[in-house]
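Those sequence lines, one after another, are chains H and P.
Basically the numbering used here = 1-based index in the first sequence + 589.
Basically the numbering used here = 1-based index in the second sequence + 219.
Hints are all accurate, no fakes.
Covered by chain H, according to a simulated footprint, are these stretches of chain P (three or more residues, beta-carbon under 8 Å):
hint, stretch
1, 283-291
2, 306-312
3, 326-339
So the derived label-pair ranges between C-beta atoms look like this:
hint, chain 1, residue 1, chain 2, residue 2, range
4, H, VAL849, P, ALA288, 31 to 37 Å
5, P, ARG345, H, VAL849, 36 to 42 Å
6, P, ARG365, H, SER879, 55 to 61 Å
7, H, SER809, P, ARG345, 51 to 57 Å
8, H, VAL849, P, ARG365, 15 to 21 Å
Among chain H residues calculated to face chain P with C-beta under 7 Å, some are:
hint, residue
9, SER612
10, ILE613
11, ARG626
12, GLY629
13, MET630
14, ARG638
15, GLY754
16, THR755
17, PHE760
18, GLY763
19, ASP944
In short, the hints are calculated from the structure, not lab data.
By construction, the Cβ of each residue, glycine as well, lies at the ideal position given by its N, Cα and C atoms.
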Amino acid sequence: MNISPQVPGSVEGQIDYPTSHSSIILGRQDYLSVVMRLIGMELYKLRRRRMSKVIGSIAIALALLPFLLVAFGTYVTANQPAQDFMPTCQSQPVSGNQPQVGQPNCPTLSPAQAAALRQASVQATSSPLRLPDSLNIAVQFALIAGTILVIILVGTVAGGEYSTGTIRLLFIRGPTRTQYLLGKLGASFAIIFVGLLLMAILGVLAGQLFNPLSGFAQSSSFWSIGWFGHMLLYLLIAMFNWFMFAAMAIFFATLGRSTVAGVVGGITWFFVEPILGSLLALVGFFNHGSLGDFLKAIPDYFIMNNFNALLNDQSQSLFGSSTIPTVSSIHAIIVLLVYFALFIGLAWWINQRRDVTN
Amino acid sequence: MLNENIETAHQSDCIISTSRLTKAFGKLVAVNDLHLEVMRGDVFGFLGPNGSGKTTTIRMLLGLIRPTAGRVVMFGMDNTYQLPAILQRVGAIVETPVFYPYLSGSDNLFAVAAASGMRSGKANRRRVEEVLELVELRAQAKMAYRKYSLGMKQRLGIASALLTDPELVMLDEPTNGLDPSGMFEIRLLIHRLAALGKTIFISSHLLNEVQQVCNKVAILQKGNLIRQGNVNELLRGNEQVLVRLNSTEETQSALNMLRAARERGADWISDIRIEADRYGKPALRVDAPKARSAEINALLASNNLFASELHPYEGSLEEVYLQLTTPSTNGGRRGMAELAAGAYVAPVGTAPNAPFASDGASDRKAGQP
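Looking at chain H on its own, in the form it has when it is part of the complex (with noise of 0.2 Å):
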């Protein structure tokens, strides 16, 4: 399709636009086709760059990595002897002041027992390998080491322009820079869609490659149309997770104008942020009276705080989890929702404000 450029409304005095270059194939010119066109150059650039094909191993060895290391325990477990799994005092020479076998504190177990109690613990121990704790164990384990690939891919892409100049480049072409920003934030929504599910496919399909190494089969008990539905808020919510400290990172490389500061000012924040918790937390503790209270309040307006509230909302829904989440999903999501506008309203406000002197 060949459509010629629309430009905007006529004004008095304004030129005429001369027709092209026979060879030029312009795209679609309004404004969402504009922002697609960014968003799949911004995707180009990342599939050319050995950083990102780099970046995209790592994520995918972290996905496969704790389903290995159940299937290696597993394993162990499973070719244990029986009387591995025998009480120490029936199992090992009588000695000092041990229980005696029989006594009441060591009942006596047959080798049948003695297997049977093996092969619970390998139950127990092969559970991460089977759905519906392989889908926690992939995605808890993505937003530990995945959220630190998020910040530094997308740190790139926004504050690169800066470091190397780029943005110059970019700026003179015809996209508004509100357009540039929607295609960063494009892309980085689109690299996220794509790595959480991506690991946490790999992670549940890993989990099932190694189960039969447990003996146990994949039980479907679980499985509903609830549970369905509980299961895609589970994972937009980690997507959510992700897009956050995406937003962050883009915000802070546009702030600090370099990959440096997107990187380090989100990573800091993913590290710095449950240590100040704690911290609060602890003095709190100390604390008795109003300052106590309110200083043990703070965290429930951190990120990840929240963000944890709502995964343990689900999670109870989908894996029988008991922990209760410290603030409701309402004031999660609210809390959320101002964190996200923050950081992409500075970022948006910077981008359009800046000179672009470098």
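Given chain H, work out where chain P should sit, using these hints.
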């Protein structure tokens, strides 16, 4: 009614118009009250010493920085409100062009194409190949940009500026890093683009290059526009005729005769003086249009004074530029003309100035008409 039509026609042909354009960085006024006018089809040279505000002006035209005051109108549109529509019609390089180091030359152009409103992907392969061919980078199209030499980077910048076949091409120091043949190619390219009706706005330190390609120039100094106009008109004011006669006496007689002629009404002679060349021999320098050379010769001959040499000299942009931007230390215009003319001519009674005499750059232009 007629005035209105003229005004409308003027507006429709005016590609760049700035009024009272000012940019201050804190207390430093980088560009002050700039009024520029570039018409359709112009090859416009934008000159000035380092730090005079050229790049700042280009950045304001392209919307990279906001003016502190004033207005930019391009293609009849205000760039504060209609920048995207303006930029669709402009191809530009600002300072040293920078691209993504991990992409090849052609991949960089594909990325630029997508950002420029062209269809994404390989749809514009032919156009990318065309512009790479134009700047002679086709053989290095697949090479990573980080491996490019400075000249290749510069040429890729020009290729990206031409990618969308823009009406206005803005080139900030386009020959930076290019070897003489590269400069020649760029000059040819500019001529070719001008012949296609493109408007070209070119900022450069290479005045000889600018003189060869531009029809109009503006000269900035310390953020102020000190001269704007047609190159020929600017140079016309600097035309001179250098006359050598056989002896000092004849030279003195010729001086007296030409002064008398001026008093009698030959007002096209603005100044006449005797100066010594590098060998200490006197020569007559007449500030007059070079087209009057034959008349000068005839006047002398009618008084039995016969020139052994007669050089019509049109002056150079370099002279005009240096006169306007350098504090006068050697008689201003006169000194610069001497510098550009190569054959140093010192005022009579002063010793020949050795540094000028040994200046290779001056020798290069010696004897140039």
